[in-house]
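Numbering (the numbering used here), first residue to last: 251 to 558.
For the record, the hints were derived by calculation from the structure and aren't laboratory data.
Between beta-carbon pairs, the in silico distance windows are:
#, residue 1, residue 2, range
1, 276, 324, 12 to 22 Å
2, 438, 373, 16 to 26 Å
3, 329, 511, 32 to 42 Å
4, 284, 485, 31 to 41 Å
5, 543, 405, 40 to 50 Å
6, 491, 534, 35 to 45 Å
We put the beta carbon where it would ideally sit given N, CA and C, even for glycine.
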Amino acid sequence: MTSLRAWPRPLRGVVPPMITPLRDTETLDHAGLERVVGRLLDGGVAGIFILGTTGEGPSLSDRLRQETISAVCNLVQGRIPVLVGITETCLTAAIELAKVAEECGADAVVTAPPYYFSPDSRELVRYVERITDSIGLPMVVYNIPSLTGCFFDFDAIRQLMQHDRIIGFKDSSGDMLYFHKMLQLIRQRPDWTVLMGPEELTAEAVLMGAHGGINGGANVHPRLYVDLCAAALAGDLARTRELHLQVLDLAGRLYSVGTGSAPVIKGIKAALDILGVCRDVCAEPLIPLAGPEKLLVRQHLRDLGLLE
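My request is simple: use the sequences and hints to build the entire structure.
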């Protein structure tokens, strides 16, 4: 499998937060998973991030998460890095899942802050360092305050940067002032990978110094996101603007259908179902888009040129 030494440091490009294909809320869709992974590999992605927000990681059972880690690592076979989300409310549970990822041949783990009791900066640093010191894999920290109720402040990042096996940062805050300040700070660790979550902000983030994106829409159209990152990394402003508008169009269409929570997950899964990649089953409590809503997604896919 890919080792830490074999990673590009930093890792550049698109690392999709892969959806978890399901047959029902407790059964992994192995055939669909193989098609999803193959689609991402064919699209030229730089890595795969599983069991994150888009992968519905917190809604899956321990057994199903472990099965997913093993299956994805077996499918990827070391061709690109596999990053595994281990966000938990319990330190021991996070460490145990990280050890499963290590045993299966994953390349790194990713954790957001525990999301029930909100730790302060000192507690958060200790939590992340205790996980990292208990496992052999490198760690990427994940900032998503809208779902965790707290965030990695600058003091926390300064301290975590001192740990040689904490190797990167994903930001899904949507706060570009915070992100630009973080980019300035992280220059002290030029080997750190810095990735943007919201795809609508990825072009700007990469042009300003980020290394890529962890963008949900890449499940549907990986080549678009790969090309966007490549153009931004190359400083090709005209091409970046062109592809950025296409990303905005895709996100605006697919993530605005239906009501309720997690429209990104529901829109992506509906699109992949319509495209014949995998079923649109969501982990409870989420409910997939209904018939009229899926018809609208179908029309959007036609308008985007992804469906005849």
